[in-house]
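For the protein sequence lines, the chains are A and B, in the order given. Numbering follows this note's numbering, in which position 144 of the first sequence is assigned residue number 144; successive positions increment by one, without gaps. Just add 1000 to the spot in the second sequence (first one is 1) and you have this note's numbering.
Bear in mind the hints are in silico, worked out from the structure with no lab data behind them. All values reported here derive from a predicted model rather than from experimental measurement.
In silico lysine-lysine, BS3-like type, Cα no more than 25 Å apart, as pairs:
id: 1; chain 1: B; residue 1: 1154; chain 2: A; residue 2: 76
id: 2; chain 1: B; residue 1: 1120; chain 2: A; residue 2: 76
id: 3; chain 1: A; residue 1: 178; chain 2: B; residue 2: 1154
id: 4; chain 1: B; residue 1: 1154; chain 2: A; residue 2: 182
id: 5; chain 1: B; residue 1: 1154; chain 2: A; residue 2: 159
id: 6; chain 1: A; residue 1: 72; chain 2: B; residue 2: 1120
id: 7; chain 1: B; residue 1: 1120; chain 2: B; residue 2: 1170
id: 8; chain 1: A; residue 1: 178; chain 2: B; residue 2: 1120
id: 9; chain 1: A; residue 1: 105; chain 2: A; residue 2: 117
id: 10; chain 1: B; residue 1: 1120; chain 2: A; residue 2: 194
id: 11; chain 1: B; residue 1: 1142; chain 2: A; residue 2: 72
id: 12; chain 1: A; residue 1: 178; chain 2: A; residue 2: 194
Computed list of chain A residues with no C-beta within reach of chain B, every gap over 12 Å:
id: 13; residue: 9
id: 14; residue: 10
id: 15; residue: 42
id: 16; residue: 93
id: 17; residue: 154
id: 18; residue: 171
We put the beta carbon where it would ideally sit given N, CA and C, even for glycine.
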Amino acid sequence: MIWQDYQLDNTVLRATEAVTLWQTERGIVEIGRDTLAIPIKVSDQRKGYIFHGNGKLLLDTIVETEEGAIGKPVEKEISEPFIMLGDTEETQQRLSIASKEDLTKMGYGNSQEFVAKAEDLFDKFFRGRVHSRQSFGEGRGLIFAFQNEASRLAILVAKGSKLVYKAIGIVFVSHENKVVLKSPGEVVCSNSGKLVIVRK
Amino acid sequence: MSEDLKEEMKKLREEIENLKEQLKDVTERKLRRSRGIYIDIGNRVHDYIEDVMEGVAEGIHGELEKSIFIGPRGVRIFRRGEPHEEDEVEVSFPKVAEVMSALGQEHRLRILNELMSGGKYINELQERLSEITASTLSSHLKVLEEAGLVVQEKVRGRYLITMPGRTAYKMARRVTRFLERRNQE
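Excised from the complex, chain A in its bound form (with noise of 0.2 Å):
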């Protein structure tokens, strides 16, 4: 699979229900009811989507030492379309043809204005990613991206305990008792109790 074979529909969904996206002992993404849906396809099978409603994205971006915790944990409402891609069987489920009135609730006139939107998105998310030749099939996890205050893109890749967060200022990886953070003035290595700090 590569990414050029990604292609958005034109089919607006709503969540039925809350719907956890996502959720490890680290992080939990999740979406409430009436989130508007957009569905990215590969060869007419669903590979992800464009979400946009009530969001929530909780990351314990910490790194717990022998000297103490560092990091600060990540809490944010999702107000802007996010991306998903991976795994969606679950999702699915809790999904349905959206109405006139659910997306009027999220403030679009008529679907064309999300799917415009969502377009900019997917746009701006597979820029670059075109010719590179990367791929992502089955089994490679969850990626996430969500949109910031600045317009830039946060990228939240996750697969079992295999976590790696990447937004403005921070990077943090992690995988079982490995954790790296990078913050502006910092970064950190921690395996196991091992404790490297590097500072600016």
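Given the coordinates of chain A, assemble chain B onto it according to the supplied hints.
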């Protein structure tokens, strides 16, 4: 005639002595040069070399400062010029007051003491600190969080003592111990 001869002989001896002195001086200089101790290269060159050596020394000092902390739990690398924790750095008085205020309460010190052994859920803290009511415990944790001494995980909900929190707690204990000793003396 004999007087003249005597005078001539005296002058010759003086000249011989002078020559001996000069010869001795030259020999000593040669000896110094051969041992590499004495190099007369002028003040400018000397100053230049001194400057270069000072630069090299500063560089080595800086490099050493960068990677000075190697503890049992890991390595701490400092960049050159960054003050170490022990060094005096300018801190705003309101911030000092906030941290000290957070530390200046027995229950909060007990909470920090519990967290020193690892992260804990609020019910675990409640069990261990049964003398503190649930609402008081929550407000104390909030104060500690605001001062940056404690952080709460958003997903699991555990409370963790931060690196500054651990340092502040240790320092508070050290200062108290020091004052107690001084008072006993």
